[in-house]
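Enquirer: Position chain W relative to chain D; hints supplied.
Protein chains in written order, with my numbering: chain D, 1 to 235; chain W, 1 to 246.
Rather than coming from a laboratory, the hints here were simulated on the basis of the structure.
It is possible that some hints are incorrect.
Unchecked claim - Derived coverage of chain W by chain D (criterion: at least 3 residues anywhere in the stretch with Cβ under 8 Å from a Cβ of chain D; other residues may be distant): (1) 91-105; (2) 137-146.
Said to hold, decoys possible - Computed Cβ-Cβ distance ranges for the label pairs, DEER-style: (3) W/Gly188 <-> D/Met232: 31 to 39 Å; (4) W/Glu189 <-> D/Met232: 29 to 37 Å; (5) W/Arg118 <-> D/Val39: 51 to 59 Å; (6) D/Val216 <-> W/Glu189: 54 to 62 Å; (7) W/Gly188 <-> D/Ala230: 36 to 44 Å; (8) D/Val39 <-> W/His198: 50 to 58 Å; (9) D/Ala230 <-> W/Ala126: 27 to 35 Å; (10) D/Leu30 <-> W/Glu189: 39 to 47 Å; (11) W/Gly75 <-> D/Arg141: 21 to 29 Å; (12) D/Ala230 <-> W/Glu189: 36 to 44 Å; (13) W/Ala126 <-> D/Gly71: 51 to 59 Å; (14) D/Glu24 <-> W/Arg118: 44 to 52 Å; (15) D/Asp131 <-> W/Gly188: 27 to 35 Å; (16) W/Ala77 <-> D/Arg141: 15 to 23 Å.
We put the beta carbon where it would ideally sit given N, CA and C, even for glycine.
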Amino acid sequence: MQDFWAAFGEAVALIAALDADLVEIIALSLRVTLSAVAVACLIGLPLGAVLAVGRFPGRIAATVLVNALMGLPPVVVGLGVYLVLSAAGPLGVLQLLYTPGAMIIAQVILVTPIIAALTRQVVEDLHGEYDELLRSMGTSRSGTVATLLWDARYSLLTAALAGLGRALAEVGAVLIVGGNINHVTRTMTTAIALETSRGELALALGLGFILIALSVIVSAALMGLRTSAARMAYA
Amino acid sequence: MRDMARISESSGIWPVALNGVVYEAGGKRLIDDVSLTLGPGPLTCVMGPNGAGKSLLLRLIAGLIRPGGGSVRYGGAAEAAPHRIAFVFQRPVLLRRSVRANLNHALKTYGVARAERRGRIAGLLALGQLEALAERPARVLSGGEQQRLSMVRALAARPALLLLDEPTTSLDPQATAAIETLVRKVAGEGVKVVLVTHDRDQARRMADEIVFLHHGRIAERAAATRFFDQPQSPEAQAYLAGRLLL
Chain D
1 MQDFWAAFGE AVALIAALDA DLVEIIALSL RVTLSAVAVA CLIGLPLGAV LAVGRFPGRI
61 AATVLVNALM GLPPVVVGLG VYLVLSAAGP LGVLQLLYTP GAMIIAQVIL VTPIIAALTR
121 QVVEDLHGEY DELLRSMGTS RSGTVATLLW DARYSLLTAA LAGLGRALAE VGAVLIVGGN
181 INHVTRTMTT AIALETSRGE LALALGLGFI LIALSVIVSA ALMGLRTSAA RMAYA
Chain W
1 MRDMARISES SGIWPVALNG VVYEAGGKRL IDDVSLTLGP GPLTCVMGPN GAGKSLLLRL
61 IAGLIRPGGG SVRYGGAAEA APHRIAFVFQ RPVLLRRSVR ANLNHALKTY GVARAERRGR
121 IAGLLALGQL EALAERPARV LSGGEQQRLS MVRALAARPA LLLLDEPTTS LDPQATAAIE
181 TLVRKVAGEG VKVVLVTHDR DQARRMADEI VFLHHGRIAE RAAATRFFDQ PQSPEAQAYL
241 AGRLLL
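In isolation and in its complexed conformation, chain D is listed as follows (with noise of 0.2 Å):
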């Protein structure tokens, strides 16, 4: 118990410090989690919006598959990127194993999943009530998912947040495809582990409050949004 207090008290004077380490992982932790997840709503959330609308051959199957892909497990994700970006996998030209690009489409991967079937249900919910009307009014496929999207825009939020969440929280497919390498693809989920299995107990700790600050920060923000949108009537 005297340890864990020693361990906080160094986590508040680490975090107090603005220590060098400490930032210098937790921004790169948000460079690969924020760029994945704007690649990932990029790739999401037009992709859950044509589940929802579009009327093709294979759509259930495709719901279902990225319903599944929900739950991938990102050690899998990272052992499947891994092998295909290393000197003898197919994109291994490019030399991007152990490095913050690696990391960023693990978690694509990862999240798109996500992002796209919470899109699909929420457009998939206006398309009902919007459906005949923009019927009514000539509104060609791609206008529709655009107006749909758009207007759903404070509902998918939360999907972005979903993804948020995962991304920032992901530890499995990041320390595999870009190794905890310090200065370089150290993240604050990798460090925690990797801190933790030292005995270093401060920088973990302090990594960990930061973590769920982020998350508390990111979510109370997206809530608000939300709310004010309700109390206004865009939402």
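Expert: Just chain W now, with coordinates in the frame of chain D:
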């Protein structure tokens, strides 16, 4: 509005002809062998008791649902020219945007150039007496204001045929009067209006002709004055006498 009349005359959708149209759902025939020809001109009210198929008929005319049998033709074509038919629903369906943005979305959908939209929006806001509400979220408007917005949004297409599905249901008399004034104005400019209503007084006020539906069939079609003074079909006679139609 002057443009609207020109488009109505040259729209190429006339006549809208339903020939032996059948529509079934859940094993039940809801529209049963309906033949009906609509041309530009008189304001047509579709009347009938609940479940007669009034709203379904309107959706069949709009092409929102496909008939299980028979055909719907527009000037001889299987499809109406884009944006020539506009639809106003019983419950206004408004986008989660401001009043102005709802109109802008409609104009954009109808292919109106950005430079032209500002002036068109101003005209539509004035037509619906919605200028003061332009920046308000559409979904916080009153029921009457929402329906006026739905009406002018439909008119953004400069349609030849305007289909109104009980647009004043659940509105107060003042809001109803505003909608009826708007409908008369639009009809006066040459837009063909088909109005579904179960409100006999409204039909008396608005209609030039009546199409009376019962059990998915046209029981009677007549000029409004004749329909109300001397209904020919037993169903219409019973309906106007206030008897229950089973």
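Enquirer: Determine for every hint whether it applies to the structure shown.
Expert: Here's how the hints hold up against the structure:
Chain D is given as covering the segment 91-105 of chain W, and this holds because 5 residues of the stretch bring a CB closer than 8 Å to a CB of that chain, at least three being needed. Note: the segment 137-146 of chain W has 4 residues with beta-carbon separation from chain D under 8 Å; the three-residue rule is met and the coverage holds. A beta carbon spacing of about 37 Å between W/Gly188 and D/Met232 agrees with the range 31 to 39 Å that was offered as a hint. The hinted window of 29 to 37 Å between W/Glu189 and D/Met232 holds, with their beta carbons roughly 35 Å apart.
Taking 51 to 59 Å as the suggested C-beta distance range, the pair W/Arg118 and D/Val39 does not conform, at roughly 36 Å. At about 58 Å, the CB distance of D/Val216 to W/Glu189 agrees with the hint of 54 to 62 Å. Range check, W/Gly188 to D/Ala230: Cβ separation about 41 Å, and the 36 to 44 Å hint holds. Taken as a hint, the range 50 to 58 Å holds for the pair D/Val39 and W/His198, whose Cβ atoms sit roughly 54 Å apart.
Taking 27 to 35 Å as the suggested C-beta distance range, the pair D/Ala230 and W/Ala126 conforms, at roughly 31 Å. Between D/Leu30 and W/Glu189 the C-beta distance comes to about 59 Å, which lies outside the given range of 39 to 47 Å. Between W/Gly75 and D/Arg141 the CB atoms are about 26 Å apart, so this pair conforms to the stated range of 21 to 29 Å. The hinted window of 36 to 44 Å between D/Ala230 and W/Glu189 holds, with their beta carbons roughly 39 Å apart.
For the pair W/Ala126 and D/Gly71, the beta carbons lie near 55 Å from each other, so the given range of 51 to 59 Å is met. Here the CB-CB span from D/Glu24 to W/Arg118 is close to 50 Å, well matched to the stated 44 to 52 Å. Distance hint check: the CB atoms of D/Asp131 and W/Gly188 are about 32 Å apart, consistent with the given range 27 to 35 Å. Between W/Ala77 and D/Arg141 the beta carbon distance is about 22 Å. The supplied range of 15 to 23 Å therefore holds.
In summary, the numbered hints that this structure violates are 5, 10.
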